[in-house]
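Listed below are the residues making up each chain.
2 protein chains.
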Amino acid sequence: MALIVHKYGGTSMGSTERIRNVAKRVAKWARAGHQMVVVPSAMSGETNRLLGLAKELQPERITSSVMRELDMIASTGEQVSVGLLSIALQAEGLECVSYAGWQVPIKTDSSFTKARIQAIDDARVRADLAAGKVVVITGFQGVDPEGNITTLGRGGSDTSAVAVAAAMKAAECLIYTDVDGVYTTDPRIVPEARRLHTISFEEMLEMASLGSKVLQIRSVEFAGKYKVPLRVLSSFTPWDIDIDEEAKSGTLITFEEDENMEQAVVSGIAFNRDEAKITVMGVPDKPGLAYQILGAVADANIDVDVIIQNVSHDGKTDFSFTVQGVDYSRALDLLKSKVVPATGAAEVVGDPKICKVSIVGIGMKSHVGIAAKMFRTLSEEGINIQMISTSEIKTSVVIDEKYMELAVRALHKAFDLEQENANS
Amino acid sequence: MALIVHKYGGTSMGSTERIRNVAKRVAKWARAGHQMVVVPSAMSGETNRLLGLAKELQPERITSSVMRELDMIASTGEQVSVGLLSIALQAEGLECVSYAGWQVPIKTDSSFTKARIQAIDDARVRADLAAGKVVVITGFQGVDPEGNITTLGRGGSDTSAVAVAAAMKAAECLIYTDVDGVYTTDPRIVPEARRLHTISFEEMLEMASLGSKVLQIRSVEFAGKYKVPLRVLSSFTPWDIDIDEEAKSGTLITFEEDENMEQAVVSGIAFNRDEAKITVMGVPDKPGLAYQILGAVADANIDVDVIIQNVSHDGKTDFSFTVQGVDYSRALDLLKSKVVPATGAAEVVGDPKICKVSIVGIGMKSHVGIAAKMFRTLSEEGINIQMISTSEIKTSVVIDEKYMELAVRALHKAFDLEQENANS
Numbered sequence: 001m002a003l004i005v006h007k008y009g010g011t012s013m014g015s016t017e018r019i020r021n022v023a024k025r026v027a028k029w030a031r032a033g034h035q036m037v038v039v040p041s042a043m044s045g046e047t048n049r050l051l052g053l054a055k056e057l058q059p060e061r062i063t064s065s066v067m068r069e070l071d072m073i074a075s076t077g078e079q080v081s082v083g084l085l086s087i088a089l090q091a092e093g094l095e096c097v098s099y100a101g102w103q104v105p106i107k108t109d110s111s112f113t114k115a116r117i118q119a120i121d122d123a124r125v126r127a128d129l130a131a132g133k134v135v136v137i138t139g140f141q142g143v144d145p146e147g148n149i150t151t152l153g154r155g156g157s158d159t160s161a162v163a164v165a166a167a168m169k170a171a172e173c174l175i176y177t178d179v180d181g182v183y184t185t186d187p188r189i190v191p192e193a194r195r196l197h198t199i200s201f202e203e204m205l206e207m208a209s210l211g212s213k214v215l216q217i218r219s220v221e222f223a224g225k226y227k228v229p230l231r232v233l234s235s236f237t238p239w240d241i242d243i244d245e246e247a248k249s250g251t252l253i254t255f256e257e258d259e260n261m262e263q264a265v266v267s268g269i270a271f272n273r274d275e276a277k278i279t280v281m282g283v284p285d286k287p288g289l290a291y292q293i294l295g296a297v298a299d300a301n302i303d304v305d306v307i308i309q310n311v312s313h314d315g316k317t318d319f320s321f322t323v324q325g326v327d328y329s330r331a332l333d334l335l336k337s338k339v340v341p342a343t344g345a346a347e348v349v350g351d352p353k354i355c356k357v358s359i360v361g362i363g364m365k366s367h368v369g370i371a372a373k374m375f376r377t378l379s380e381e382g383i384n385i386q387m388i389s390t391s392e393i394k395t396s397v398v399i400d401e402k403y404m405e406l407a408v409r410a411l412h413k414a415f416d417l418e419q420e421n422a423n424s
Numbered sequence: 001m002a003l004i005v006h007k008y009g010g011t012s013m014g015s016t017e018r019i020r021n022v023a024k025r026v027a028k029w030a031r032a033g034h035q036m037v038v039v040p041s042a043m044s045g046e047t048n049r050l051l052g053l054a055k056e057l058q059p060e061r062i063t064s065s066v067m068r069e070l071d072m073i074a075s076t077g078e079q080v081s082v083g084l085l086s087i088a089l090q091a092e093g094l095e096c097v098s099y100a101g102w103q104v105p106i107k108t109d110s111s112f113t114k115a116r117i118q119a120i121d122d123a124r125v126r127a128d129l130a131a132g133k134v135v136v137i138t139g140f141q142g143v144d145p146e147g148n149i150t151t152l153g154r155g156g157s158d159t160s161a162v163a164v165a166a167a168m169k170a171a172e173c174l175i176y177t178d179v180d181g182v183y184t185t186d187p188r189i190v191p192e193a194r195r196l197h198t199i200s201f202e203e204m205l206e207m208a209s210l211g212s213k214v215l216q217i218r219s220v221e222f223a224g225k226y227k228v229p230l231r232v233l234s235s236f237t238p239w240d241i242d243i244d245e246e247a248k249s250g251t252l253i254t255f256e257e258d259e260n261m262e263q264a265v266v267s268g269i270a271f272n273r274d275e276a277k278i279t280v281m282g283v284p285d286k287p288g289l290a291y292q293i294l295g296a297v298a299d300a301n302i303d304v305d306v307i308i309q310n311v312s313h314d315g316k317t318d319f320s321f322t323v324q325g326v327d328y329s330r331a332l333d334l335l336k337s338k339v340v341p342a343t344g345a346a347e348v349v350g351d352p353k354i355c356k357v358s359i360v361g362i363g364m365k366s367h368v369g370i371a372a373k374m375f376r377t378l379s380e381e382g383i384n385i386q387m388i389s390t391s392e393i394k395t396s397v398v399i400d401e402k403y404m405e406l407a408v409r410a411l412h413k414a415f416d417l418e419q420e421n422a423n424s
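Chains as they are written, first to last, in the UniProt record's numbering: chain Y, 1 to 424; chain V, 1 to 424.
A couple of the hints might just be wrong.
Treat identical chains as interchangeable: a pair holds within one or across any two.
[Stated by the list, open to error] As a list, the in silico SDA-like pairs of lysine to any residue whose alpha-carbon atoms are at most 20 Å apart:
hint : residue 1 : residue 2
1    : 24        : 241
2    : 24        : 53
3    : 353       : 303
4    : 402       : 418
5    : 107       : 146
6    : 55        : 188
7    : 24        : 288
8    : 24        : 324
9    : 373       : 390
10   : 55        : 382
11   : 353       : 178
12   : 169       : 317
13   : 133       : 290
14   : 55        : 326
15   : 55        : 17
Think of the hints as simulated: they come from the structure by calculation, not from any bench.
Next up, chain Y with everything else stripped away, as it sits in the complex (with noise of 0.2 Å):
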């Protein structure tokens, strides 16, 4: 008997079949006596679609009066999605409504495309809620101060759905995909990956923001910041599975550090070959150097992850970082027509073929030497270590994209992940 959110990806939601087996779930949960809040996406492949549609029509420059049509167009999607959850609810015999964001209203900024949630009206749902009904609310969108309709980018209904669960501190966001939980690595790597019965908040938020792709990032910090307990399960378990079973299953993220969970030094490793290395060699050592680097690719929105700058020889150094593969080519012509002249570099140099692979545990932050054991088993591996990033719970290096598999499989099994009781 509690509140509960559930979230549903487009893959769950991909067609009335699907739908009708949501319901039934959903159906399950309300009957054992909890509250429902359900937070569904757009159909698979609808937002894609619509998107599309908009493409073909929109002018060059991309303003923000032609982002916030980007919007009215795709928040459709997901509006489609919970008048047919909620018609198929109410199939099964329950009483259901469901709300489009600015009926909520989940209020946001007005950035389109990438709106961010400010605050969220609660009364109408707990009214909802209190009268009996299992509310469906849309994933993805909001509405601005002026009553435009935004949406909060991709994968924003994972955020949806936690910062509903935030607001009405429900006791549990479930969020229901097409993955059963965050697995030590991707098993399609490595065969012997084990899926985490828990996992921390800051872990989770290294996972996602190094490449899992299980939760979009930001509702993982949202989680973070109003203590919102997350558990990432399937939504391919048969909808009739006993409710105790599955109120168990998949992955919880954690806000306490348990016994349990300080056993586990490196908890999982995440990898990413969607970056790329560029250096600007022989560069003038002076102060203000990084800024003068860094700021041009700063104001050309190009993001930049891992940073090394070396100790200078004869006044002068190198100075690498990595940039989203989509970035690469705008980097390397902005560096070489504008930064080159501008720092007396003697040139520049990019790798698109690297790749990069971080080992994530809380427990590091009381262990020594966990750095140390992964350069080795490396090294051991005959792989080259290119860049060095570390925080105090993850340490990432780059390596030549080749290696990624390798590299993956040896420090999984370097650190015992395939170990219920890995590292401990």
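With chain Y held as given, fit chain V onto it using these hints.
Below, chain V alone, put in the same frame as chain Y:
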């Protein structure tokens, strides 16, 4: 230099290529100095697609709660259209903003799937027009006092456009559609049928209700009530035809009885083959008879059109009426099972193979002998008249379905409708 409302149907919005043409046409009008409000329908097929998905999920009993969700779903078709058209207009270099019904707001009652517009707040739209923007508003929908999305029923976008034009006192409301105006009758049946340059509101109302599908009947009622000059014209002329030529094309629905209009006694021939006739025979003629029969029919939510009660013989009479073809079997069953036992009627007979043919003309108000000429014409063709119904500006007859084309052609010729100044 005037405030003009354009309405585009689903076929005109049927593809991105067509939406681009709509944008170019609207841009032409805006560049000529007009303040433009545009009301597009959903892309053709979209509303059916959405409601088809809903139908796969809906419970047997369609409650008001289910209908609320149908509106939530169906309204998205128009929302996508306004977003796409607004983007296309911006690509044409115009400033533009789109609004869903709830954003204007277009206020309606809470009759989901067939709501009626109660008020339109035009402050927001006026401010945009004053700022030089084209405003694109969703057709077919509004918002009820509780903030629920409502839709106006099939063809509701015509009504939306007329209502917006009425609220804003637009100089003219142009309904762009896939026919180029209102004809004396259907050109597929009478090749000599002639496009009317003008038609009176009352005639249009009769033509619309008698089966001419050019405009939704409620939009004509609305235009009549608020005296909105309404023009039906083709969206398939090239977008770049001369604007003065375009402004005079199609058919204007007028409210002032000018001399030209007085000349035409009969303006057009309407017909409807989608009706069926039912006769309750040998029913004891007592006060309350009509109510006894039609009350039961109305309770079953079946619309009745032509009603005839003949004089009685030996205290018994025959009572005939027509219903929509889709309601025929249900009405017949109802009468046999309930009305015959209750009234002591002899029997009930039905005939689905009938049609209704009507002559419509505002001049009939002041001219005698028009109905007689109609009956003579049909008689000369050997067509038996089964039922007759008259109003101030129309005379309808029910005849055997197989004579429909013959009757329409003969009447079109008898009233000289192929001539520009017919039956003056």
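Verification of the supplied hints:
1. Taking the closest pair of Cα atoms, residue 24 and residue 241 come within 20 Å of each other only inside a single copy of the chain (11 Å); across copies the shortest separation is 56 Å, beyond that limit.
2. Taking the shortest alpha-carbon separations for residue 24 and residue 53, only the inter-copy value of 17 Å comes in at or below 20 Å, while the best intra-copy value is 33 Å.
3. Taking the shortest Cα distances, residue 353 and residue 303 sit within 20 Å of each other inside one copy (18 Å), while across copies they are farther apart (72 Å).
4. Taking the closest pair of Cα atoms, residue 402 and residue 418 never come within 20 Å of each other, the shortest separation being 23 Å inside a single copy and 81 Å across copies.
5. In this homomeric assembly, residue 107 and residue 146 come within 20 Å of each other (Cα to Cα) both inside a single copy, at 10 Å, and across copies, at 18 Å.
6. Taking the shortest alpha-carbon separations for residue 55 and residue 188, neither the intra-copy value of 34 Å nor the inter-copy value of 39 Å comes in at or below 20 Å.
7. When the C-alpha separation of residue 24 and residue 288 is checked against a cutoff of 20 Å, the pair qualifies neither within a copy, at 60 Å, nor between copies, at 51 Å.
8. With identical chains, the CA atoms of residue 24 and residue 324 are never at most 20 Å apart, being 41 Å at best within one copy and 39 Å at best between copies.
9. For a Cα distance limit of 20 Å, the shortest separation of residue 373 from residue 390 inside one copy, 14 Å, qualifies, whereas the shortest one across copies, 97 Å, does not.
10. For the identical chains of this complex, residue 55 and residue 382 are neighbours neither inside a copy (47 Å) nor across copies (61 Å), given an alpha-carbon limit of 20 Å.
11. Proximity of residue 353 and residue 178 under a CA criterion of 20 Å is satisfied in neither setting, with 29 Å inside one chain copy and 56 Å between copies.
12. Proximity of residue 169 to residue 317 under the C-alpha cut-off of 20 Å is found in neither arrangement, the shortest distances being 52 Å within a copy and 72 Å between copies.
13. For a Cα distance limit of 20 Å, the shortest separation of residue 133 from residue 290 qualifies neither inside one copy, at 56 Å, nor across copies, at 45 Å.
14. Proximity of residue 55 to residue 326 under the C-alpha cut-off of 20 Å is restricted to the intra-copy arrangement: shortest distance 19 Å within a copy versus 42 Å between copies.
15. Taking the closest pair of Cα atoms, residue 55 and residue 17 come within 20 Å of each other only across two copies (12 Å); inside a single copy the shortest separation is 30 Å, beyond that limit.
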